[in-house]
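What follows is each chain in one-letter form.
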Amino acid sequence: MRPQLMCIVLALLSVNSAAAGALPDWSGVWQRVEGNGGIFDPATVEPSDGRAGSPGVRQYPPLTDAWEAKYTATLELVANDRVPDPISNCGTPAGFPRMLALPDVYEFIVRPETTWIITENGPNILRIYTDGRDHPPADELWPTFTGDSVGRWNDDVLEFSSVSMIGDAHTILDRSGLTLSNQASVDTKMFLTDAGLLRAELTIEDPIALKFPWHVTRHFRRMPAGTRAYDYACAENNRNPITNAGQTLTLDTDGNVIDKVIDND
Amino acid sequence: MIKFAALLLTMLTFAPIIVAHHSSAMFDKAEIRDVTATVREFQWTNPHIWIQIVLATDEGNESEWSIEGLGPNSLFRNGWRPNSFKAGDVVQIRFNPMRDGSNAGGFIGAKFADGRTIGRWD
Numbered sequence: 000m001r002p003q004l005m006c007i008v009l010a011l012l013s014v015n016s017a018a019a020g021a022l023p024d025w026s027g028v029w030q031r032v033e034g035n036g037g038i039f040d041p042a043t044v045e046p047s048d049g050r051a052g053s054p055g056v057r058q059y060p061p062l063t064d065a066w067e068a069k070y071t072a073t074l075e076l077v078a079n080d081r082v083p084d085p086i087s088n089c090g091t092p093a094g095f096p097r098m099l100a101l102p103d104v105y106e107f108i109v110r111p112e113t114t115w116i117i118t119e120n121g122p123n124i125l126r127i128y129t130d131g132r133d134h135p136p137a138d139e140l141w142p143t144f145t146g147d148s149v150g151r152w153n154d155d156v157l158e159f160s161s162v163s164m165i166g167d168a169h170t171i172l173d174r175s176g177l178t179l180s181n182q183a184s185v186d187t188k189m190f191l192t193d194a195g196l197l198r199a200e201l202t203i204e205d206p207i208a209l210k211f212p213w214h215v216t217r218h219f220r221r222m223p224a225g226t227r228a229y230d231y232a233c234a235e236n237n238r239n240p241i242t243n244a245g246q247t248l249t250l251d252t253d254g255n256v257i258d259k260v261i262d263n264d
Numbered sequence: 000m001i002k003f004a005a006l007l008l009t010m011l012t013f014a015p016i017i018v019a020h021h022s023s024a025m026f027d028k029a030e031i032r033d034v035t036a037t038v039r040e041f042q043w044t045n046p047h048i049w050i051q052i053v054l055a056t057d058e059g060n061e062s063e064w065s066i067e068g069l070g071p072n073s074l075f076r077n078g079w080r081p082n083s084f085k086a087g088d089v090v091q092i093r094f095n096p097m098r099d100g101s102n103a104g105g106f107i108g109a110k111f112a113d114g115r116t117i118g119r120w121d
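Quick note, the sequences are listed as chains A and B, same order. Mapping of the first sequence onto numbering that gives the first Met the number 0: position 207 corresponds to residue 206, and the numbering continues sequentially without gaps. Mapping of the second sequence onto numbering that gives the first Met the number 0: position 64 corresponds to residue 63, and the numbering continues sequentially without gaps.
Derived from the structure by calculation, the hints contain no laboratory data. Here a beta-carbon is modelled for each residue, glycine too, at the ideal position from N, C-alpha and C. Wrong hints could be hidden among the right ones.
To be verified - Cβ-to-Cβ under 10 Å is the rule here; a few derived chain B residues that face chain A:
| id | residue |
| --- | --- |
| 1 | MET25 |
| 2 | GLN42 |
| 3 | ILE48 |
| 4 | GLN51 |
| 5 | SER65 |
| 6 | ARG115 |
The task is simple: from the sequences and hints, build the whole structure.
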């Protein structure tokens with residue numbers, strides 16, 4: 000390689016390394032801090048130690064009257080174990096923003112042009128473009144599980160906007176049955192706290208489901224160095240199919256239903 | 000009838016641990032059963048691990064039960080291994096039974112013949 004060309008290549012590599020080096024260190028494997036069985040909004044859950052999917056446990060987002068009625072009806076189904084969770088069928092991801100409340104572990108891959116949030120459970124991948132692009136025009140968007148996310152770095156804070164999530168009937172926020180419409184949008188700020196936690200502050204707007212913006216905060220804890228993430232092949236041995244009525248069945252090793260009562264209506 | 004030692008312990012002591020890819024509402028978390036059983040098969044698979052155990056019945060027959068646990072990934076990070084249970088192991092096993100009385104349950108803990116325990120036992 001000619002010396003002049005070599006200098007140019009080295010200069011470009013140096014710029015790229017500097018840009019990457021300026022970003023915060025979110026390396027390693029992380030785990031959610033707030034548990035409660037995957038409850039999405041720990042700040043409004045009642046009772047405060049209530050687990051998603053347990054009878055009588057609910058959250059209080061600023062739902063419109065119509066969406067509150069919808070949630071109330073769903074909670075009654077939850078009490079009777081008849082709320083189908085879309086991910087239980089092992090065919091679709093949890094989607095955003097539910098993917099910030101999943102069990103198992105997380106990885107945050109930070110590059111100047113893109114940040115990827117990878118959840119082991121699912122798995123789910125959220126791509127956040129930080130190369131200066133905007134959301135696509137309306138005729139180039141269609142509802143998807145994670146939608147479209149673009150953002151920027153403001154010092155050590157990743158700020159991003161997410162739109163075009165597929166929403167109700169395809170995703171839930173947790174097993175209390177809470178949902179958003181496909182008109183929801185989310186503005187998120189993510190940063191490391193002084194305590195070393197990764198904090199995600201979400202502002203959720205939804206002209207159909209919410210009366211005013213809903214603020215949800217979640218945290219992640221870095222796991223010990225050397226911790227690995229693994230495959231999560233949900234369909235590998237799913238012995239818990241869901242009936243049309245939303246009942247979770249149990250199969251034996253030959254694929255026969257063990258349950259004595261089957262509700263398939 | 001299968002011989003069970005039903006333990007009425009508080010949920011605070013033995014909170015259910017079957018929370019992963021589906022609802023756990025089919026398990027009766029208010030009831031905890033301890034049985035001595037022989038492991039027929041250990042399925043180290045996603046989305047859940049399964050311990051197939053065989054129990055002796057009062058009639059002198061055998062009855063197979065399916066005991067469900069969390070996924071292998073999180074269990075591995077908590078000390079489990081793909082060979083934590085082996086076919087032929089005789090274990091005391093503790094679980095939340097199914098509400099409808101069918102032959103399955105949600106894993107809580109187990110104690111092996113050599114005194115080792117796994118999951119929540121004491």
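Exercise for the section: Verify the interface restraint on GLN42(B): the C-beta must sit less than 10 Å from at least one C-beta of chain A. Expected result: Interface hint status for GLN42(B): holds (6 Å vs cutoff 10 Å).
Handout entry: Minimum beta-carbon distance criterion (10 Å), GLN51(B) to chain A
Key = Since chain A brings a Cβ to about 6 Å from GLN51(B), closer than 10 Å, the hint holds.
Handout entry: Hint status (Cβ of MET25(B) to nearest Cβ of chain A, threshold 10 Å)
Key = Status holds, d = 6 Å.
Exercise for the section: Mind checking the CB of ILE48(B) against every CB in chain A and telling me if the closest is under 10 Å? Expected result: 9 Å, holds
Exercise for the section: For the hint on ARG115(B), just tell me whether its beta-carbon gets within less than 10 Å of chain A. Expected result: It is violated, given that the least Cβ distance between ARG115(B) and chain A is near 23 Å, above 10 Å.
Exercise for the section: With chain A as the partner, please determine if SER65(B) meets the hint condition of a C-beta pair closer than 10 Å. Expected result: OK, holds: SER65(B) within 10 Å of chain A, min 6 Å.
Hint violations for this structure: number 6 only, all remaining hints satisfied.
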